[in-house]
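J.: The residues making up each chain are set out below.
Number of protein chains: 2
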Amino acid sequence: MHMVLFVAAIIYILILILYELDYSIIVVGDEILIGQVQDTNSGYIARHLTPYGWQAVNIRAVADDGQAIFDAIDEAFVHSNVVLMTGGLGPTKDDITKPTLCRYFGGELVYDQATARNVESIVAGRHLKLNDYTRAQAMVPSSCRVIQNQCGTAPLMWFEHDGKVLVSMPGVPYEAETMLVREVIPQLMAHFCDNVDIEFRHLMVVGIIESALAMELDEWERKLPEGIHLAYLPQPGIIHLRLTGLSTDREWLKSEMDRLGLELRERLGDHVVADEDLPLAGIVGNMLRDKGLTLATAESCTGGNIAHEITAIAGSSEYFIGSVVSYHRRVKEQQLGVSASDIDHYGVVSQSVAEQMAAGVCRLLGTDCAVATTGVAGPGGGSVDTPVGTVWMAARCGNKVLSQCKHIPGHRQRVIARATNEALLLLLSLLRQV
Amino acid sequence: MHMVLFVAAIIYILILILYELDYSIIVVGDEILIGQVQDTNSGYIARHLTPYGWQAVNIRAVADDGQAIFDAIDEAFVHSNVVLMTGGLGPTKDDITKPTLCRYFGGELVYDQATARNVESIVAGRHLKLNDYTRAQAMVPSSCRVIQNQCGTAPLMWFEHDGKVLVSMPGVPYEAETMLVREVIPQLMAHFCDNVDIEFRHLMVVGIIESALAMELDEWERKLPEGIHLAYLPQPGIIHLRLTGLSTDREWLKSEMDRLGLELRERLGDHVVADEDLPLAGIVGNMLRDKGLTLATAESCTGGNIAHEITAIAGSSEYFIGSVVSYHRRVKEQQLGVSASDIDHYGVVSQSVAEQMAAGVCRLLGTDCAVATTGVAGPGGGSVDTPVGTVWMAARCGNKVLSQCKHIPGHRQRVIARATNEALLLLLSLLRQV
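So the protein sequences, as listed, match chains B and U. The first sequence begins at 1 in my numbering and counts up one residue at a time. The second sequence begins at 435 in my numbering and counts up one residue at a time.
Next up, chain B with everything else stripped away, as it sits in the complex:
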């Protein structure tokens, strides 16, 4: 056993020495610098690459300007041997980025048959006609290897020079993210981490704060074999634990990761609510599916956002029946059957109203479970007794009910987002009891 650990340690150290896993991100686009568009590309690139052991050392946004792009590439290669670039491509921008890449890596723009065919098939699939703009997408620097874009017309381009690699990707987030996962990450791993296997295990943990969890796992974590490490990724009310293993010994890695994943799971017992990386609404959804329960929501201050988060999960139609957004008092009374005198007596933002909303929507839509919210999202509508940010929420399952009041600081959008999160956590607590 010690011999195995020793060999694994040596292999891991070799990996770290042989493979430069630092990288930089360059996001190209005037629209980012003027704040018209929020850059999301750098975020998901980092989110997808980090688990593979890649570390972003530098993220940078630059204008659609040849010299700015050139300088940014030059500077990025000081920090790392790999640069992932998004944007600056597409019909109206091609004239800046592609010539700049030619200037940096050499070569000239050439017409690429395979890219032209890909552009044609993408355009045809959208029932559109090819025009000069889309046709121009087939012009690529002769110094690159094209990775065909399976979701759009702008080709991905892989440049190599002196052991350095730059991958240019389109700026459209859903195109770039899809291609990153399907092609870019596998190709980066093959290029830089030849023969290295990677395995992940995930646990989503509730009911324990991060510092207590870290104390609980401290000893266990320090005994992890080389090449395997644990990351804490706390989210509001829930902690994502990710175990990452790297090794050239595939068999050993798989069995070690299985063993350690199981150990971790046993150690954390009831705190574990999922063994995959899922958003809160996905964890709740899986529990409902596993227990064969159906769900409805009755929302006042969250205005449909809980239903939105639940239905953002693919397959949610298996357990989610529907929702009543009862913004007006009349809807609370007439559709959800909330007692008018209770509203008058306790106030519309009260435990009684939240619980009656949950019961009412279960009855109306014929579901097993429900979650309900009533509160003051602001900026107006607050009072001394019920200041802005006050939210009562209730979760119901069969005859069991949990309810709580939260005071959420911040602006309207934040109150709505946090109330949504708290309501889902409350439902999760209840589902763990039934």
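Warning: the hint list may mix true and false statements.
[Stated by the list, open to error] In silico negatives: residues of chain U with every beta carbon more than 10 Å from chain B: (1) 490; (2) 509; (3) 542; (4) 626; (5) 651; (6) 706; (7) 780.
[To be verified] Cβ-to-Cβ under 7 Å is the rule here; a few derived chain U residues that face chain B: (8) 484; (9) 495; (10) 762; (11) 765; (12) 813.
The set of hints was computed from the structure by calculation and includes no laboratory data. C-beta atoms are modelled at their ideal positions from N, C-alpha and C, and glycine is treated no differently.
Take the given structure of chain B and dock chain U to it, following the hints.
T.: Just chain U, lined up with the frame of chain B:
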């Protein structure tokens, strides 16, 4: 008149020469580089500063590492005289950023009475107790001027050196954004643009594509006096036109901007749907309020997201009554009164079902208007006739109905977001007719 224009031109050129309005953004935080948190700070900083004539030349994310922060500041000052930095503050990170700022700008960490009082009052307002962590927030570099944080405990710090300015702001988005608008932008304007007034006029325009709009306005735009310029900010289905004016002559500026705003409005006639910068749901909301109409939504594939966007607008309770999310067929039939035989005959994703949903929710919740969606968000559930991304939507107002079918490419979240946008645009079209 020509003399006035000439003077305005000279003043504008002087402004450009005298005031360096380039700036850089540095976002500090390991959580950004590993993709755990999506940086939104750089986006809204740029969005708020751009209209004032400030131009971001460089946006950069760096780790919670003293040397990385030091180098990033050094490099940012090569690009611009102003650096706005967010993050790297707060209880657990103070030990890195503040000493680095001392190293860069000189001075040492000192206990600041005013900051201590602010921290105490913020902590008390949240019904929490002061601990060593929060108390440490009152330690600030002696080389800075503190701007008290009105929303949280981490103080904002203004550093000046050789005509260069760095403002360090907390990383929590709602704290930093609030303080940016309330304090940082006014102080930057006072510091760098002494005596310069700035005025904006906004128009939201629909029913015309950007290139046609640009052609329509080309001649008018070229005649704009110096110091006043027009920006096109296209969004899906809607174009935001922003007129920005800078001048030291306040009277002249105001009257010119009034005159030009009116001219632009007259020129674009019926295309104008709002004369302030508003999200689509806000434009729809104002129209409903102006016409004294009430609204409900009936949502299938959008799963409550339309209701969520409508209720994200403050004051929406004046016109928004509620919503039925009819995810399950049963809810469409029983609550919304959609004909079961029509569902069988036309399919659940059909014009007939969308229109019956809109009519049904108007009847159920007693509203004047409604918008409804039914579609396939994917990834499952598609068929040859109704592939993933197909969405039927209907808008109803009184007895008038508009409906349309859209084919939206992309993943589930994108289909939901775009269908929400298209449904709101459809409702807007209808509201313009009634």
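J.: Work down the list of hints and note, for each, if the structure agrees.
T.: Hint by hint, here is what the structure shows:
{"no.": "1", "hint": "490", "in the structure": "violated, 4 Å"}
{"no.": "2", "hint": "509", "in the structure": "violated, 8 Å"}
{"no.": "3", "hint": "542", "in the structure": "holds, 30 Å"}
{"no.": "4", "hint": "626", "in the structure": "holds, 18 Å"}
{"no.": "5", "hint": "651", "in the structure": "holds, 19 Å"}
{"no.": "6", "hint": "706", "in the structure": "holds, 20 Å"}
{"no.": "7", "hint": "780", "in the structure": "holds, 19 Å"}
{"no.": "8", "hint": "484", "in the structure": "holds, 4 Å"}
{"no.": "9", "hint": "495", "in the structure": "holds, 4 Å"}
{"no.": "10", "hint": "762", "in the structure": "holds, 4 Å"}
{"no.": "11", "hint": "765", "in the structure": "holds, 4 Å"}
{"no.": "12", "hint": "813", "in the structure": "holds, 6 Å"}
Hints 1 and 2 from the list above are not met by this structure, while the remaining hints are.
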